Each structure stands twice: as structure tokens, then as C-alpha cells.
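So the protein sequences, as listed, match chains A and B.
Going by our numbering, the first residue of the first sequence is number 24, and it counts up by one from there.
Going by our numbering, the first residue of the second sequence is number 690, and it counts up by one from there.
Take every hint as true, because none was put in to throw you off.
Partial chain A-side listing against chain B, Cβ under 7 Å, derived:
| hint | residue |
| --- | --- |
| 1 | His150 |
| 2 | Ser160 |
| 3 | Ala162 |
Restricting the straight-line Cα-Cα distance to at most 25 Å, the calculated cross-link-like pairs of lysine to any residue (SDA-like) are:
| hint | chain 1 | residue 1 | chain 2 | residue 2 |
| --- | --- | --- | --- | --- |
| 4 | B | Lys734 | A | Glu64 |
| 5 | B | Lys734 | A | Asn148 |
| 6 | B | Lys748 | A | Val159 |
| 7 | B | Lys780 | A | Pro161 |
| 8 | B | Lys734 | A | Arg145 |
What the hints contain is simulated information worked out from the structure, not anything from laboratory work.
Values in this document were obtained by computation on a predicted structure and should not be read as measured data.
Virtual Cβ for every residue (Gly too), placed ideally from N, Cα, C.
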Amino acid sequence: MTAPEPGVRPDATEIGDARRRVEALVCDLPGGGIDERMFTEPWELRAFAMAVAAYHTGKYEWSEFQLSLINSIKRWEEGDGAEPWSYYAHWLDALETVLADNGVLSDAALDDRTRTVLAVPRNANHHEAHREPVAVSPATAS
Amino acid sequence: MDIGGLQGEEMIALENTDTVHNLIVCTLCSCYPWPVLGLPPNWYKAPPYRSRIVREPRKVLAEDFGFVVPDTVEIRVWDSSSELRYWVVPKRPEGTEGMGAFDLAALVTRDSMIGVGPAAAPSS
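All chains, full assembly: derive it from the sequences and hints.
Dropping the structure here:
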């Protein structure tokens with residue numbers, strides 16, 4: 024992960040704080056060279072960050088998450104090997120399980136939301152005028 | 690200015706100043722003010738420009754276009770859509786005080802109207 028471009032307005036929201044916390048965590052870990060990439064797809068990093076952020080906001084105990092992750096991996100190992108190995112698929116599975124178990128996000132709500140996202144095309148609002156800048160890089164000197 | 694036509698039904702001109710630099714992109718595809726600028730260059734339609742220019746506009750301008758925007762200037766990135774297209778009015782170059790509209794027009798390049806470069810310098 025790269026640091027944000029100098030001069031980009033810091034996101035002062037709770038989500039901004041969570042993002043910075045995960046960024047600091049990941050950036051401070053050893054390793055992570057080009058051959059030991061910790062994440063191969065952007066969604067893996069997002070799944071990782073969501074799990075850490077949800078833990079920090081007290082949605083579950085870390086031990087619960089670990090147990091759930093171990094179980095998900097164990098189910099894969101005991102299976103017939105039809106599913107290809109994906110560590111972060113298990114990570115995501117574990118996250119969904121602990122969120123559901125703790126009443127944070129039900130399976131039904133997640134399915135609903137997934138259906139909605141899949142049903143909305145990427146260009147859903149492209150016929151509308153966008154009257155504000157999509158990005159601003161503020162002056163850092165005067 | 691009596692400009693309009695297909696793919697340019699509604700357009701807004703963004704004026705660059707000493708403190709604000711504007712540039713345009715179509716984050717989704719390649720929306721572009723055809724009647725003003727013609728058809729877009731290939732890089733305008735390419736995913737690298739469309740995504741990176743939003744994330745790190747200052748860096749992309751400097752690295753890909755060799756155009757360093759001073760850090761005293763705010764950069765605003767505008768998303769053209771099928772409904773509303775933007776184009777940029779570049780800052781008047783130095784040394785053009787005595788020039789009229791006709792001569793100034795010759796200094797306005799396509800890139801400067803996308804916002805990825807300055808207007809050309811007067812040759813005099």
C-alpha cells in the first residue's frame with residue numbers, strides 16, 4: 024500500500040480513522056516484498072481491513088474470529104478439493120460468520136445487499152450530470 | 690461562443706486561475722466534448738488515466754504528462770458524463786498581454802483544454 028498523496032484532505036470520519044489504523048498495521052508488518060505480496064487482489068485487502076475495523080469497534084472478540092477462520096479452513100480441508108484454495112475466501116467466510124453470530128449483519132441482509140449491488144450496473148448514474156469535482160488535490164502551500 | 694452539437698448538448702467551461710487548475714476525465718468510459726475537442730485521444734479512454742487521474746492527479750500530471758502544477762494551486766478533477774461534459778479554459782500564458790483573441794486562440798492546445806498541460810507559450 025502506498026501512502027496517500029501529500030496534500031490530499033485527510034478523511035476525518037470514523038471510517039478514515041479505521042482506514043489509517045489498518046494502513047499503519049499493514050505497513051508496519053515485516054516482509055511484503057514483490058514476491059511475498061500479502062494480498063493478490065484488492066478485495067482481499069478490503070476483507071482484511073473490514074475484519075480489523077469491525078474488531079476495533081467491538082463487534083466481536085478476536086478469538087471468535089480466529090475460531091471461525093480455523094473452522095472455515097478445516098471444512099475446506101475435509102472437503103473434496105473441488106473449491107480452489109483461497110485464504111481470503113476463508114477469511115471473508117469467517118468474517119461473515121462472526122458478524123451473523125453477533126447479530127451485526129444477518130445472512131439475509133447480506134444476501135439482499137449482494138443482490139442489490141449485483142443488480143445495479145456500474146453506469147447506473149452515468150446519464151446524470153456530475154456537478155461537483157470527483158477529486159480535489161488541495162494546494163499545500165500559499 | 691456558438692459551440693454545440695452531438696455529444697455536447699450541455700457543456701461547462703472550467704476556467705483555470707492562479708489558485709485553481711481544472712482537468713477532465715470520464716471515470717466510466719470516454720465522455721468528451723466532441724464539438725469542442727473532436728474525438729478523444731486514446732489515453733483519455735484508457736483505464737490507467739481514468740482511474741489514476743482521480744486518485745493522484747498531481748502525480749499523474751507530473752509523471753505522465755510532464756506538467757508540474759505548483760503546490761500553491763488546487764487541482765479539481767471533473768467527471769464528464771453523457772449528460773454534462775466539461776472542458777478547460779487554460780490560464781493565459783505570460784507574455785501575451787498585448788495579444789488579441791485570435792492570436793491567443795492559436796496557443797490553446799487540445800491537452801490544455803483537457804487540463805493535462807498548459808497553453809503553449811507565445812513564440813515571438
